[in-house]
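Everything in the sequence shown is counted per my numbering, starting at 1 for the first residue and increasing by one.
Calculated directly from the structure, the hints in this document are not laboratory data. In this text the structure is predicted, and so the values were computed from the model without any measurement. Just so it is clear, CB atoms sit at the ideal spot from N, CA and C, and this is done for glycine as well. Some hints could be false.
Said to hold, decoys possible - Each pair of labels, with its calculated beta carbon distance range:
id	residue 1	residue 2	range
1	A286	D51	35 to 43 Å
2	R184	V233	24 to 32 Å
3	G168	E46	51 to 59 Å
4	G168	E123	50 to 58 Å
5	R152	E46	34 to 42 Å
6	N231	R184	54 to 62 Å
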Amino acid sequence: MDRLTWLDRLAQLPHPFTTAMAREVGLGYKALHKLTLAGVIRRPIERVYVDASLPDSIELRCRMLRLVVPTDCFVCDRTASWLHAGARALGPNEHLAVPPISCFRPSDAGRLRNDLTASGEREILPRDLMEIHGLVATTPLRTALDLGRLQRTRDLKLHGMDTMLSLGAFTHQEMLTEIPRFNRRRGVVLLRVLAPLADGGSESFGETALRGRWHDAGLPRPETQIPITLNGVEIYRLDMGLEGLLFAAEYEGEAWHGEDRALYDEERRDWLEQQRRWSIEVFRKASVFGHHQDAHIRLAAGFRAARASLGQRTFVI
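With the hints as extra help, turn the sequences into a complete structure.
Right, here's the structure in full:
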């Protein structure tokens with residue numbers, strides 16, 4: 001079967017569609033795999049495909065999930081985070097794989113047992129759930145609390161809470177107020193530590209992780225997305241820093257920074273350092289993640305140097 005025939009058969013399908021629906025029109029795994037590699041379709045969740053040209057939206061995500069989530073279940077955890085926030089919710093390299101769908105039944109309703117979902121039973125209150133385009137999911141607030149308790153690593157926990165906070169559906173204080181209800185539940189001890197550090201101003205997993213290293217360095221809580229203005233117009237934003245000290249840190253992820261962007265960012269930082277007297281530390285993946293990370297050491301040293309030199313740096317309008 002040649003590629004044109006695959007495209008003809010693909011045209012017979014609604015979008016999104018499941019692998020079972022694809023088989024009904026003669027598209028097997030090999031065809032779906034090649035069409036995905038060619039960028040014709042994409043597979044955001046397990047066993048569900050969609051036309052790659054369709055713009056992402058919460059309505060489209062709901063349509064995809066409704067194809068595979070049982071009607072008596074609600075989506076939660078990483079799946080709810082993706083539903084509410086899209087790709088912004090993904091962790092490192094998650095765009096390269098398709099994680100299991102997190103969906104649960106309320107307590108005492110019985111556990112789902114299949115190879116498609118990461119499932120079980122969960123105690124839930126009516127106010128923890130919401131319906132979106134016919135799909136039931138945990139609210140952004142409940143999703144934040146679950147991610148802050150149940151994710152594998154500290155970075156993923158904090159990233160989940162940052163992402164949900166960034167939606168503006170609840171306040172930081174509202175999240176902190178909910179924590180006591182999880183006393184003696186799994187993950188609540190670390191949740192109590194991390195939730196106060198959450199910040200909706202973080203725009204990526206790398207920024208969240210770098211802010212965690214900032215905390216490890218024992219520095220004062222940073223401001224996020226610090227605006228830089230020129231003639232009353234905002235021209236830049238710094239990832240995080242202390243404006244009163246003119247000290248900032250930025251995470252430069254390889255996935256989003258080509259040569260042109262890297263040069264632009266370098267010129268921007270040079271201007272800020274020379275004209276505005278900012279002291280800026282720039283971090284790449286190796287400094288923030290892995291066995292040889294040194295971000296907390298560099299941040300502490302940069303903070304001390306910025307504090308010592310502040311009186312000698314003159315702010316220039």
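Consistency of the hints with the structure:
1. A286 <-> D51: 35 to 43 Å: Taking Cβ atoms as reference, A286 and D51 lie about 37 Å apart, which means the hint holds.
2. R184 <-> V233: 24 to 32 Å: This hint is violated: roughly 52 Å between Cβ atoms.
3. G168 <-> E46: 51 to 59 Å: Between G168 and E46, where Cβ atoms are some 30 Å apart, the hint is violated.
4. G168 <-> E123: 50 to 58 Å: violated, 27 Å
5. R152 <-> E46: 34 to 42 Å: violated, 19 Å
6. N231 <-> R184: 54 to 62 Å: holds, 56 Å
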